[in-house]
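Take any residue in the sequence shown, count from 1 to its spot, add 660: that is its number in our numbering.
Among the hints, a few may not be true.
[To be verified] Subject to a maximum C-alpha distance of 20 Å in a straight line, what follows is the list of computed PhoX-like cross-link-like pairs (lysine-lysine):
| no. | residue 1 | residue 2 |
| --- | --- | --- |
| 1 | Lys892 | Lys948 |
| 2 | Lys964 | Lys1061 |
| 3 | Lys681 | Lys943 |
[To be verified] Label-pair distances were calculated between CB atoms; the ranges are:
| no. | residue 1 | residue 2 | range |
| --- | --- | --- | --- |
| 4 | Arg987 | Phe719 | 25 to 35 Å |
| 5 | Ser873 | Glu947 | 29 to 39 Å |
| 6 | Val875 | Asp961 | 40 to 50 Å |
| 7 | Lys892 | Ile1011 | 41 to 51 Å |
| 8 | Glu956 | Val1039 | 28 to 38 Å |
| 9 | Tyr992 | Ser873 | 53 to 63 Å |
| 10 | Arg1008 | Glu900 | 50 to 60 Å |
Note that these hints are calculated values from the structure, not bench results. Glycine included, every Cβ here is placed at the ideal spot set by N, Cα and C.
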Amino acid sequence: MARSNIIDFLVGDIDFLKQKKSIIKNREVLSEDFVPERILFREEQLNITLTSIRRFLIFGEGLNILFFGNTGTGKTLLARYISKSIKKLNLKEKMNIKTSYVNCKGFFIKEADYYIIGKMYSDITGDRFRKGKKKYEMFESIINYMNSKDYKAIIFLDEFDSLFNKKNTEDLLYALIRDLDIEYSNRFSLVMITNSVSFFDELDSRIKSSFSSFVKVNFPSYKATDLSEILKERAYLALEEGSISESLINYISARVAKHHSGDARVAINVLKLSALIADSKGKNKIEKEDIDEAFENLDYDLLKFIVSSLNTTQKILSLALVEGSLRKKDEYISFEELYNMYVEISSRLSIAPLKRITVFRNMCNLEMIFGSFLEVRTVSEGRRGGYKKIYKLLIDEESMKKLYDLLRDKIFNA
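Assemble the whole structure, with the sequences as input and the hints as a guide.
Next comes the structure, spelled out in structure tokens:
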């Protein structure tokens, strides 16, 4: 192609793109960080949380709260919604309330406890966190600031269970729960968020007992009808009018409810991907084929997200499951085989293996987390009597190999 023809082609394409109106009018609404003006289908969880916070603010009762439920059930969204609302209220009414939101999953380093305290220090005091300050100095500064200003603080620790395999952060969390609950309960309230309650089995007794007084708030998976309403609201805010039909929104919702455990983040991601795919084809409306293509592209991205939400035991079990699936192809894997592989991988990591019943509970949790990616059957053991569970991953071989490499990297290079 001649140079002038290339320029004409590129300029022509740019002119076409300028004239073409995108289906998406507000991308932010489809991002994971977006906090809507109202939270659908979480009224009960919001009321329980606000009742506890109200008692804390009015009567100084340091009630700590535990959000638990599968991924994509609105835990993080509700935490951010409450934090955002309190900040707005604080500006309007000049109330002495501070909030600090910390996603503990982001701290994979040895000094995770140091940076978590640093984030709290920055959020509460307003001072910039600078590396070099000692932990106890920052903690003392937080306490002194709260006392001198007569402030109260609500601290949100998201995905905090990811910290329990790090000795320093276990000590930090124990200190936070113990000290803030006993010594400074009139100043601080903790809201701790987890995707799984199975991690409790792995805690030592001192930390486990500290959670006994927490107000526990369960977040069940969304139903297809819930997801449809959530997507309609997001589509109204994010997409051009008429760019997706109600029947296609219901189609996305039904697939996510059935195959992805009602994960709202998956549903919103599919809506966003579908719009981008339709845009790339020059369409002004999303069609079913765009949604199907979005689901195809979603699988490995979703598997990566699943891996990021797992605790160490679940990561090792997942690696054993993938390793066994690659070796046995279309055959099922028994829990006995998985447990033996789990013990072998743990020994390579110099980690003491957990008891069989604890590992089994983690595996039960993985069944829900992997959703339609994992087929589970209960079969008779024949003359021996009793039943056993067998497992098979429903993932194509290429994705499984990528998942294997990802898990090995997360486990052995963490």
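Hint numbers contradicted by this structure: 4, 5, 6, 9
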